[in-house]
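From first to last, the protein sequence lines stand for chains G and A. Here the first sequence is numbered in this note's numbering, starting from 1 and rising by one per residue. Here the second sequence is numbered in this note's numbering, starting from 1 and rising by one per residue.
Source of the hints: derived by calculation from the structure; they are not laboratory data. Quick caveat: nothing in here was measured; it's all calculated off a predicted structure. We put the beta carbon where it would ideally sit given N, CA and C, even for glycine. Misleading hints may appear alongside valid ones.
[Said to hold, decoys possible] Here are the simulated distance ranges between beta carbons:
(1) A/K124 x G/S298: 38 to 46 Å
(2) A/S40 x G/E261: 36 to 44 Å
(3) A/A49 x G/E261: 28 to 36 Å
(4) A/R62 x G/G158: 19 to 27 Å
(5) A/D91 x G/A193: 45 to 53 Å
(6) A/E109 x G/L161: 56 to 64 Å
[Claimed, not checked] Straight line, CA to CA, 35 Å or less: simulated DSBU-like cross-link-like pairs of lysine-lysine:
(7) G/K145 x A/K89
(8) G/K145 x A/K125
(9) G/K184 x A/K125
(10) G/K237 x A/K156
(11) A/K136 x A/K125
(12) G/K184 x G/K257
(13) G/K184 x A/K89
(14) A/K125 x G/K183
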Amino acid sequence: MNKITMWWVTVAFLCLGFSGGCGAVATKEVAPGAPMEASAARAPAAEASLDDLAMMTMDAAPTPSLAKNEAEGPEPLEATLSNSGDARLAQAVPAGAPKQPAATTEPADDPSEPPKPAPTASDAVAGPLLIYTANLNLGVFETTKSIDAVETAAREAGGYLVIRDEATITVRVPSARFDEVLKKAMALGDVLARNVEVRDVTDEYYDLQTRLRNQEAVLERLKELLERADTVEDALKVEAQLGRVAAEVEQIKGRLKLLRELVTFSTIIVRFQPTAVEDVGGKVTLPFPWLGTLGLGSLLRL
Amino acid sequence: MKLVRISILPVLLTLASACGRPFAPATPSGFVELDEPRSSTYDYRATTADGVVVSIRVVKHRPRGELVFWERAIENQLRDQGGYSLLDKRDVQNQNGTAGRQLRFGHDEAGDPHLYYVTIFATKKKLFIVEAGGTKEQVEASTAAIEEAIRHFRIKRCWKLGC
């Protein structure tokens, strides 16, 4: 077979086969700590017919760590996420699970990278990654003072201000201190309505991590192919693919970073305004007209 | 017989006319009573020079409900619809010894904190709603006068048929 044709078949295989097939199968097969070459073992049929790929995957036979990971399921998040210093993420692993000292003492530059230590059976059970968002509606009284107090409470807890105006404030606080700040905010006035939303992003996080590993493996191979490109035309074609895969890697990294941020910091939104009827599912309106005329507006109009 | 009829007539007329305002307000010191037009929502209003206003309105107690029902209705109306902040609730009593409930609210008007007290008394036929409000600073300064006005507020007995 013509060498250039073979070469292009390899590129096509890597780009289409790997980037498209990053579902549950990939999740099971890729060992988090395994070398990049190992992931090429996911295409045994192609190995036989492609010289280049065969050459690249010579040392890609299933290793003990790979086989072990197949049985254990996805990699645990503890090591990766505890590196970011997030208490809630660290708590996601059951208390009885043994810690990985190497992973927690050396902060990783890129938290999305697989942890160095090999996963253990106990690590396979990881807790959920939860995004907390609280919405509070407080009575409209001493609004400015209360908004200042919410901001102060958030800053004291290690959080930060997202946005504030005359009647609303949004702050983000470390998830470990979410309850504490929420209680402080609720104590500032009459709570007309409260809504705490919790979103579980564990599945999405695992999927993204797997896709990231796959795409990074494709990227490495494309780089290798680029180095071995014989003609400018070939090099340009590989570079085009490299650009596409690199963009996808960045996109995944960005999403992972956002998820980590959202899990690490919980959002508290405090509004000083009447509860909208549609928000609370229809409040009772009693048929007594005089009730509707209560209020300062009417009383103070002399 | 004719003499008896003639002597009863002025008594009945007096009783009927006495039912014009079924309460006797106690305008507190520092307040002046305002003339309310017939179309006014209020049966009585008084104000200080600084704009703290006390009012009384009377509505038919129909359908009949317990005091706790009306208390809750006022609370829901002001909190949910008006965004008022409920600050306190307390038991009160007027000069007749009628028990009532007072709800104290806070609300910002044009950015300034205001206080608004609503007190409700329920009799068999009527509901008496006593309101007081103004800027937080002024109402706090007039709280004693407002409480005095509620304590001395008297519900009149009405002998008129259907009253």
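A quick look at each hint next to the structure:
Judged by the Cβ atoms, the range 38 to 46 Å given for A/K124 and G/S298 is violated: they are separated by roughly 27 Å. Under the hint 36 to 44 Å, the C-beta atoms of A/S40 and G/E261, about 58 Å apart, miss the expected range. Restraint check, A/A49 to G/E261: a C-beta distance of roughly 56 Å breaks the suggested window 28 to 36 Å. The given range of 19 to 27 Å is broken by A/R62 and G/G158, whose C-beta atoms sit roughly 57 Å from each other.
At about 28 Å, the CB distance of A/D91 to G/A193 disagrees with the hint of 45 to 53 Å. Roughly 26 Å separates the CB atoms of A/E109 and G/L161, a value that falls outside the hinted 56 to 64 Å. The straight-line distance between the Cα atoms of G/K145 and A/K89 is roughly 23 Å, inside the 35 Å bound, and the hint therefore holds. As the CA atoms of G/K145 and A/K125 are separated by approximately 44 Å, the hinted pair breaks the 35 Å bound.
Of the pairs offered as hints, the one joining G/K184 and A/K125 is violated, with about 45 Å between alpha carbons and a cut-off of 35 Å exceeded. Note on G/K237 and A/K156: the hinted pairing is violated, with a Cα-Cα distance of about 97 Å set against a maximum of 35 Å. The straight-line distance between the Cα atoms of A/K136 and A/K125 is roughly 34 Å, inside the 35 Å bound, and the hint therefore holds. Between G/K184 and G/K257 the alpha-carbon distance is near 29 Å, which keeps this suggested pair within the 35 Å criterion.
Pair hint G/K184 plus A/K89 holds up; C-alpha atoms about 22 Å apart against a cutoff of 35 Å. Proximity of A/K125 to G/K183 is assessed by CA-CA distance (about 44 Å); at most 35 Å being required, the pair is judged violated.
When the structure is compared with the earlier hints, violations turn up for hints 1, 2, 3, 4, 5, 6, 8, 9, 10, 14 and for no others.
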